[in-house]
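Assemble the whole structure, with the sequences as input and the hints as a guide.
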Amino acid sequence: MKPFEYISTKSINEATQVLSEYKQDARVLAGGTDVLIELRRPHAKIPKAILDISYIESLNGISESDGLIILKPLSTHTQILKSDLVRKYAQLLGIAASQIGAPQIRNRGTVGGNVMNAATCADTVPPLIALDAEITLRSNGGSRTMKLVDFFIKPYKTKAESDDVLIEITFPKLPSNAQSAFIKLGRRNALSISRLSVAAILMQDKKGLISEARIVPGAALPTWMRVKEAEEMLIGEKPSLKLFTAAGQKVSEVMISYTGRRWSTEYKEPVIGVLVRRALEGCVKD
Amino acid sequence: MSTQNQHKIIGKSECRVDAWGKVTGRAKFAEDYNVGHQLWGKVLRAKHPHAKILKIDTSKAEKVAGVEAVLTAKDIPGSKVFGIVVSNQAILAEDKVRYLGDGVALIAAKTEEIADEALSLIEVEYEPLLVVTDPEEAMNPETIKIHGDDNTFVHHKVRKGDVDKGFAEANFILEKKFKTQFVEHSYIEPEAVLAEPAEQGGVRVTGSVQNLFSTRRSTAAALNLPLNKVQIIQATLGGSFGGKDEAMTSMCIRAALLCLKTCKPVKMVNTREESMLESYKRHPYTLYYKWGVKNDGTITAMEIRIIADGGAYASMSPFVTWRSVVQATGPYYCDNVKTDIYAVYTNNNYTGAMRGFGSPQVNFAIESMMDILAEKVGKDPLEIRLQNGFERGAITATGQNLEHNVSLKEVLQKATAEINFQEKWKKYRSEPNTQKKRGIGLACSYRGVSLGAEGTDAVGTIISVQTDGSVIVSSGITDMGQGAQTQMSQIAAEVLGISMDRIQFLNTNTSRVPDSGPTVASRGTIMGGSAAKKAAEIVQATLLTTASEMTGLDVQSLELKDNYLIDIESGQRLASFNELAAECFKKGRPTYGFGWHKSPKTSWDEDHGQGEAYFTWVYGANIAEVEVDTETGKVDVLNFVSCHDVGKAINRGAVLGQIYGGVAMGLGYGLLEEFEIENGIPKQLNFDEYSLPTSMDVPKIKAIVVENEDALGPFGAKSIGEPANELAAPAIINAIYNATGKRIYELPANLERVLLGHKLVRPKERGSVLKEKDIQAAMHRAVYELLPDGTFYAEIPGLQGVYANAKSLEECREQLQEVLEKEVA
Ligand SMILES: Cc1cc2nc3c(=O)[nH]c(=O)nc-3n(C[C@H](O)[C@H](O)[C@H](O)COP(=O)(O)OP(=O)(O)OC[C@H]3O[C@@H](n4cnc5c(N)ncnc54)[C@H](O)[C@@H]3O)c2cc1C
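Residue numbers (the working numbering), protein chains in the order written: chain A, 1 to 286; chain B, 1 to 825.
Take the hints with a grain of salt, since some may be wrong.
[To be verified] To be clear about the criterion: a stretch of chain B counts as covered by chain A if any three or more of its residues have a C-beta under 8 Å from a C-beta of chain A, and this derived list gives those stretches:
| no. | region |
| --- | --- |
| 1 | 688-702 |
| 2 | 753-762 |
| 3 | 785-798 |
Treat the hints as calculated values from the structure; they're not laboratory data. For glycine and all other residues, C-beta sits at the position ideal for the given N, C-alpha and C.
Encoded structure:
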């Protein structure tokens with residue numbers, strides 16, 4: 001590997017300062033579970049500098065304020081899965097975090113890295129989009145906030161500039177009438193890349209009718225999005241196997257409308273429907 | 001006869017002799033060896049899976065500062081090829097490359113970075129040839145040849161009785177086709193060596209080598225050196241599962257070439273990607289099984305045809321397929337057998353030795369057939385096996401009379417009783433269809449121990465008692481994590497009446513121990529152990545004679561026990577082992593024993609496929625209990641029973657370890673692992689994509705150790721390393737059938753195969769000619785990008801949904817075109 005500069009900082013300002021100087025030639029390092037692997041690939045592009053932000057304390061932690069959960073980017077998957085706030089107000093995110101990699105990866109890997117890396121199989125992204133998360137990016141020029149769903153362009157490509165630091169992820173707490181689920185399908189039971197996944201949130205009114213539905217498939221579409229066509233089918237209805245099966249089929253149709261029929265469609269077409277159905281079933285458990 | 005109570009060390013879970021070194025980090029694996037002024041050796045590999053080499057220009061690479069040698073095939077002084085059976089494996093490709101892992105040139109440079117840079121400056125001109133990847137296509141006379149004038153390089157057969165007559169007697173015929181996959185050994189340490197110029201000429205190579213003596217022979221031949229000028233030293237070696245054979249031989253030779261050229265030490269270490277690209281794999285087999293069967297479940301005829309993908313080089317294929325041909329009928333009575341097995345060259349990775357060595361493939365077919373048969377005749381899997389299974393005195397397909405204790409039925413009964421097999425099997429098959437379904441499956445096998453009629457089978461072990469009573473043991477058998485050193489030490493300690501802590505085992509060095517053949521075929525304990533026993537007995541005799549003189553007592557009345565010389569009658573300690581050792585030294589007696597063990601005679605008639613193939617056999621039964629997600633195809637193994645007759649467990653902990661590890665590996669074979677090669681290009685080069693089972697995928701395993709001591713093994717011991725691994729997959733596949741009623745004919749039973757019944761394959765057909773133009777036009781607009789994960793991404797601006805993401809640019813382009821064609825259609 002070619003040598004590079006290693007810069008470590010404890011302040012956000014200093015971090016953005018460094019990035020504004022180096023631009024494309026610097027790479028932010030959080031837990032390093034994506035970056036280090038990239039650097040070791042044959043013919044990898046080695047940056048001039050690695051900027052280690054993992055010592056910036058203000059970028060770590062999970063808190064609440066004004067009905068919002070504030071998830072700082074350096075929060076590790078382990079922190080997320082152990083967080084009471086997440087368990088209470090964003091259960092599906094905790095489930096997703098608990099299924100990432102293996103304990104070592106969860107101890108090092110951060111939610112910020114997962115989002116910024118933007119791999120199609122990033123497991124915290126579907127739950128965060130279902131939670132209607134917003135992110136805040138900071139550079140020397142100031143801060144910008146945007147919906148997470150609008151942040152992604154395509155696999156590994158986001159709207160972040162090379163001098164942006166992700167400083168915050170926020171989302172509204174799920175109300176008490178909401179239930180959520182996350183289902184991941186991989187080839188094995190640990191250290192498994194999502195073959196497909198589904199994040200789902202359902203809210204029911206007092207009569208037990210569905211008042212709000214959010215469905216976000218993972219590793220299925222070119223970028224993440226809520227499948228509105230399927231969500232709308234659910235509104236005002238009573239949960240039932242038939243309804244959830246139909247919603248699953250709808251998601252499957254929508255997926256194909258985006259991806260076209262590929263050689264993997266034969267498998268993904270039925271299975272994404274099943275996972276959606278199961279996720280929705282997971283949202284109406286007592 | 002049970003001697004169990006008399007043993008002090010045999011049968012105990014003694015601490016492994018290499019445990020402390022490994023857990024404290026003191027053990028030196030091959031990569032840990034470094035010397036101050038070493039150079040780095042690197043290999044330039046092929047650009048095409050099959051191509052003529054027109055020209056190699058190394059001039060630019062030679063000019064790079066820090067480069068000390070650039071070698072091609074023409075610089076090899078001696079033999080340019082090697083191979084244990086068929087000598088045709090190129091050390092460096094000369095006229096053509098035959099698979100992507102072929103080496104074309106070598107560089108030695110001051111640093112790895114310089115070597116890498118220099119590699120990129122070597123210019124090779126190729127003329128691509130047709131790439132052959134389908135072994136059945138390779139057999140076609142019209143197909144381009146990879147070596148010589150025939151791609152089929154092995155044909156073994158077995159003939160017994162008359163299959164036509166057998167089929168005529170049958171009530172019905174069962175005919176099925178099975179397929180197995182390439183599998184990677186997945187040793188933790190990739191190949192690594194350090195080659196140093198030896199003081200008196202020649203070369204000394206320290207490396208993660210499994211079969212030191214064949215490596216030495218090949219290295220000496222390539223360097224034109226006598227064997228005594230080539231020293232191969234085994235570094236501590238972790239589990240290598242049969243994989244550190246030719247892959248290491250080629251690295252040793254290459255490092256030695258660079259070393260002799262530069263007169264400097266040369267270090268070579270493969271990255272994981274290089275290792276997976278170059279190393280050999282488990283053979284994929286295509287198996288055609290045809291059985292004639294009576295309504296009562298008796299088998300009247302078996303006609304079996306198997307094609308093994310040998311890949312680019314012969315490697316161990318002749319031996320691997322020989323074991324398959326001998327064992328292809330399973331441990332079942334059948335008077336009429338006709339088996340043919342072929343190994344053929346393709347442009348895939350070459351295939352060779354891997355734990356199981358030709359048995360996992362045939363066991364998958366045999367044990368699937370047995371369950372298919374049971375289903376047909378309305379019996380359960382246990383009944384059908386008990387009905388057809390061998391007993392003592394059975395005559396095998398090759399005409400061998402099994403005169404030892406044939407414990408097939410014992411292992412079947414013990415395994416099935418442990419988990420209530422029959423009851424569960426009946427219950428699961430009649431349960432209604434639900435999202436998650438349980439199933440249970442059974443498989444059994446018999447396996448010939450050691451090399452058999454495959455080759456010379458002899459081992460030397462040396463025991464040297466020091467003047468202070470400590471002991472040094474060494475052997476031609478290598479330890480690669482399986483615990484061979486511990487087993488041999490236990491045997492020595494038992495005979496000498498000493499505790500294990502007195503023994504120091506030396507890693508194998510070809511210049512210090514006699515050529516003992518390869519450490520393969522689960523022969524470490526039975527062969528190395530027998531030699532250790534003989535060596536220890538020689539020393540024991542000297543010690544007791546000396547003791548007799550020392551004490552004035554008769555030799556018969558003395559024994560060595562618990563580190564003391566004991567008077568048997570009174571139980572009195574007469575001297576310590578140390579004193580006795582010192583006394584021998586004083587008297588000028590050698591306390592050095594060399595034990596040589598040669599296996600009992602075996603025989604083989606290649607023309608008729610008949611003979612006493614192996615001197616003894618082992619028997620095992622496995623049961624898997626699974627849960628199948630019928631909507632996604634995901635299979636979880638919930639419980640596992642593995643029962644093996646090992647003859648005698650020398651170290652109980654080691655036997656259990658082999659069983660647990662063997663099941664885990666068999667589970668990977670059955671459900672997860674597949675090294676995919678498309679058009680000669682491997683698709684998985686690291687463990688992010690090559691899926692091994694994790695500890696979360698391996699269930700609780702109940703190991704049942706059966707001990708029917710065998711007269712031909714040390715203290716009755718036979719073997720367990722490979723038996724433990726060879727029948728987990730069929731047990732799992734049979735369990736999936738029990739759950740779903742659907743049979744898997746191709747391994748592994750991954751998500752797609754279980755759900756859809758077949759693997760997902762990229763379609764070959766292309767869009768209609770009419771739209772060809774539009775497609776080409778659109779393809780012109782495609783934008784490609786190299787993503788950070790090393791894959792390629794392509795899209796066509798303006799066409800939503802038309803994108804592709806693949807490992808290579810070519811693949812990405814193809815995928816894009818395919819999506820586009822579907823879109824247009
Ligand atoms: C063995 C293994 C298993 C894995 N399993 C899973 C899995 O199951 N599911 C899954 O989703 N992922 C998995 N991953 C991927 C990885 O662990 C996650 O994506 C993780 O969340 C990345 O976080 P990190 O802190 O390690 O990121 P890093 O590697 O430090 O960074 C990742 C990217 O984000 C950028 N970045 C990080 N933080 C910031 C920030 N605050 N501001 C701006 N840019 C930033 C970096 O520059 C880099 O481009 C696995 C990885 C490994 C090695």
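Against the structure, the hints come out as follows:
no.	hint	result
1	688-702	holds (count 7)
2	753-762	holds (count 5)
3	785-798	holds (count 6)
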